[in-house]
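Engineer: Numbering of the first sequence is given in the numbering used here, commencing with residue 18 and proceeding in unit increments.
Hints may contain errors.
What the hints assert, rightly or not - When the alpha-carbon atoms are kept at most 16 angstroms apart in a straight line, the in silico EDC-like pairs for lysine to aspartate or glutamate are as follows:
1) K262 x D38
2) K150 x E196
3) K92 x D67
4) K48 x D71
5) K92 x D50
6) K48 x D257
7) K92 x D75
8) K262 x D224
9) K264 x E42
10) K58 x D81
11) K150 x D200
12) K58 x D268
13) K48 x D75
Treat the hints as calculated values from the structure; they're not laboratory data.
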Amino acid sequence: MDDSSVLLATWNVNSLRARMDRVMEWMACAKPDILCLQETKMPDSAFPADVFRDAGYDSIHHGDGGWNGVAILSKMALSDADTGFGDGADELGCRLVSAMCGNTRIVSVYVPNGREVASEYYNGKLEWLANLKRYINTRHVPEERLVICGDFNIAPDDRDVWDPKAFVGLTHVSAPEREALHDLISWGLYDCFRIHYSQSGLYSWWDYRGGAFHQHRGMRIDLVLATRPVAEECSFALMDRTARKGKQPPDHVPVAVWLDMQR
DNA sequence: ATGGTTGCGAAGCAA
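Start from the sequences and build out the full structure, keeping to the hints where you can.
Structural biologist: Structure below.
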């Protein structure tokens, strides 16, 4: 990692209020250039933009209460920020924020969980994913510098779940969810983590219950998707399992990618 | 054993 590489990370923090000390600690250690957050679980009025500014980060937040909430932090100035799908489509509550960061468009997303297959929430998840595809397709082209990252609440394939047999009939792995994600990716995106790793058993999330983390029962549902111009510059990727350890850990860990691009 | 844990908000609900 030379001085010209940019470190971009995405992290579902499961309440920024509860995780602020950990987030600041991780940022001081990893020094990401760009950090996308999900599940801040706070309204814009509570978002600590001043604290991040003091730490050297510009920021944009989109949240309206105790659930969901997404943000982008950046050492470079953010501009042309936008929230939601912007076309009147129901975004199911503060799940998308976007901004220009240098010459690259950054989108931070928190895809709905879906709760149970065939539920109204599951159908809403599929609809939200279709809206995301439409949002991207109407505003961007694959030749642009574009990153869409966040908690997709979908394990792209069976390598990304600890036991596929245990997930039969459950959300996050169902064919319609995976097809919706594939439909988005096939528009012209690359899964940056998979550029560097092909093996199974590498996860970004572990259930709090049942000692799942220590039993290696997790899923890879937090993704950094990028168009070809950005993906070609992706020299390395990591999911920081250390962030799942210690006191009051979040259930997700940061997914980080190094991009050899000019600042 | 429809369990288990965490956060929100102040009791269940969402994940």
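Engineer: Decide, hint by hint, whether the structure agrees.
Structural biologist: Hint by hint, here is what the structure shows:
1. K262 x D38: 14 angstroms, holds
2. K150 x E196: Distance of about 12 angstroms is within 16 angstroms: holds.
3. K92 x D67: 14 angstroms, holds
4. K48 x D71: Satisfied, since the Cα-Cα distance of roughly 14 angstroms is no more than 16 angstroms.
5. K92 x D50: Answer holds: K92 to D50 is near 5 angstroms, not above 16 angstroms.
6. K48 x D257: 13 angstroms, holds
7. K92 x D75: 6 angstroms, holds
8. K262 x D224: OK: K262 and D224 at ~13 angstroms, within 16 angstroms.
9. K264 x E42: Since the Cα atoms of K264 and E42 sit roughly 13 angstroms apart, the hinted pair holds (cutoff 16 angstroms).
10. K58 x D81: 8 angstroms, holds
11. K150 x D200: Holds: K150 and D200 sit about 8 angstroms apart, inside 16 angstroms.
12. K58 x D268: Measuring from Cα to Cα gives roughly 14 angstroms; hence the hint holds.
13. K48 x D75: 14 angstroms, holds
Violated hints are absent here; each numbered hint is respected by the structure.
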